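Chain residues, written in single-letter form:
2 protein chains.
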Amino acid sequence: MTLTENARAPQQDRSRETRDLILETTLRALARIGWNATTTSVVAADSGVSRGAIQHHFPTKEALMRGVLEYMYEGRNTSEFSISAEVPEGVDRFEYISEQVLDYYASDHFKAALQMWTAAIGDAEFSEQLQMHGDKLARAVYDRVVVVLNADTSDSRTHRLIQTTLDLSRGLGLADVLRDDSKRRQSVAQFWADELRSIKQLNEPQ
Amino acid sequence: MTLTENARAPQQDRSRETRDLILETTLRALARIGWNATTTSVVAADSGVSRGAIQHHFPTKEALMRGVLEYMYEGRNTSEFSISAEVPEGVDRFEYISEQVLDYYASDHFKAALQMWTAAIGDAEFSEQLQMHGDKLARAVYDRVVVVLNADTSDSRTHRLIQTTLDLSRGLGLADVLRDDSKRRQSVAQFWADELRSIKQLNEPQ
Numbered sequence: 001m002t003l004t005e006n007a008r009a010p011q012q013d014r015s016r017e018t019r020d021l022i023l024e025t026t027l028r029a030l031a032r033i034g035w036n037a038t039t040t041s042v043v044a045a046d047s048g049v050s051r052g053a054i055q056h057h058f059p060t061k062e063a064l065m066r067g068v069l070e071y072m073y074e075g076r077n078t079s080e081f082s083i084s085a086e087v088p089e090g091v092d093r094f095e096y097i098s099e100q101v102l103d104y105y106a107s108d109h110f111k112a113a114l115q116m117w118t119a120a121i122g123d124a125e126f127s128e129q130l131q132m133h134g135d136k137l138a139r140a141v142y143d144r145v146v147v148v149l150n151a152d153t154s155d156s157r158t159h160r161l162i163q164t165t166l167d168l169s170r171g172l173g174l175a176d177v178l179r180d181d182s183k184r185r186q187s188v189a190q191f192w193a194d195e196l197r198s199i200k201q202l203n204e205p206q
Numbered sequence: 001m002t003l004t005e006n007a008r009a010p011q012q013d014r015s016r017e018t019r020d021l022i023l024e025t026t027l028r029a030l031a032r033i034g035w036n037a038t039t040t041s042v043v044a045a046d047s048g049v050s051r052g053a054i055q056h057h058f059p060t061k062e063a064l065m066r067g068v069l070e071y072m073y074e075g076r077n078t079s080e081f082s083i084s085a086e087v088p089e090g091v092d093r094f095e096y097i098s099e100q101v102l103d104y105y106a107s108d109h110f111k112a113a114l115q116m117w118t119a120a121i122g123d124a125e126f127s128e129q130l131q132m133h134g135d136k137l138a139r140a141v142y143d144r145v146v147v148v149l150n151a152d153t154s155d156s157r158t159h160r161l162i163q164t165t166l167d168l169s170r171g172l173g174l175a176d177v178l179r180d181d182s183k184r185r186q187s188v189a190q191f192w193a194d195e196l197r198s199i200k201q202l203n204e205p206q
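If you read the protein sequences in the order shown, they are chains A and B.
For the first sequence, position 127 matches number 127 in the UniProt record's numbering, and the numbering has no gaps at all.
For the second sequence, position 93 matches number 93 in the UniProt record's numbering, and the numbering has no gaps at all.
Just so you know, the hints here were simulated from the structure itself, not pulled from any lab data.
It should be emphasised that the depicted structure is a prediction, and the values quoted were computed from it without experimental measurement.
Among the hints, a few may not be true.
No distinction is drawn between identical chains; accordingly, a pair holds when it is met within one copy or between any pair of copies.
Cut-off 25 Å, straight-line C-alpha distance, at most; resulting in silico cross-link-like pairs (SDA-like, lysine to any residue) [stated by the list, open to error]:
no.: 1; residue 1: Lys200; residue 2: Ser84
no.: 2; residue 1: Lys61; residue 2: Asn36
no.: 3; residue 1: Lys61; residue 2: Gly122
no.: 4; residue 1: Lys200; residue 2: Arg144
no.: 5; residue 1: Lys136; residue 2: Arg179
no.: 6; residue 1: Lys200; residue 2: Arg93
no.: 7; residue 1: Lys136; residue 2: Glu74
no.: 8; residue 1: Lys183; residue 2: Arg157
Assemble the whole structure, with the sequences as input and the hints as a guide.
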């Protein structure tokens, strides 16, 4: 490694950190105040990064939003939103997974995606990207539910009930946008856990 | 009635008709191209009403959107979206109501409301109006399901399943925004009809 390369590395790290800070701040702003209110000025004020630096990384609002979309779905940034397959000791696995999935779709992650989802309606390319990421995420959540519940998805009703968990979660996430719907969501999660109990599990005792 | 009053009446009718045409056109545009793209120019082009006349009825975009919100939830304009309590001859009532509710939330009415829902996030007063109308509509849909299914809502699971029908419908409505999700929705409606069959009905034979 030459001296020049050595000197460049920390600078690249700093640039990457700044970029991530901008994207994280934009994501939170989208969830909190929506697409139109999320301007460079707001992101600058919230992040402490100068408007010039933001514009250097993302010359247009479109570039910034595409950046956020990629950022949200990058593996290393989804830990906050990811649902662990490890059910905590002493917790009912049906209640655990029902609550986790319902809460996931009420996160800032979903709310930011929802803002993009509605704003993207006229933009075919952005729509397609959103759909692709959304589908990938839905498959990951579906698979996680299957593993936690040891579900036999060759059983059609079992497959459908798990799929319904995702659609239901999106509906509840939407209800949480204009008000704090967490109390109702918690009681729905309890109810839904009991519905999920009727699925077919693999290797069940006959 | 004086001559002047006589002459004024048809003019008021025309003004009302123009107002309704503007609002109906705006609603369709919101559902199709979203909040930001729905401009006075677009509404003028789609409706054939001049920009001047639109601005006379609705001086600001805010006024236009509040107008659409009220228009959507006025009794006389909801016939297209209303769900009849009359189950067509020979049609299973569970399949009927499941399909009707799921399709309702994939209508232009829901899509336009969704655009407002996400755009209203920073506007406390508009948010409150949206919530009030949304709650009123949800209660009306809930009541319609109860009547069609002759449901005993004193049974907690029955109440919950019907409530879940609404949240599920919102989630499916969202999925229909960026693509035509009607085929999947139809198969979910079939599945959900079978789930609803397990509710408690009033005056069931013991």
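**Item:** Earlier hints that do not hold, by number
**Value:** none
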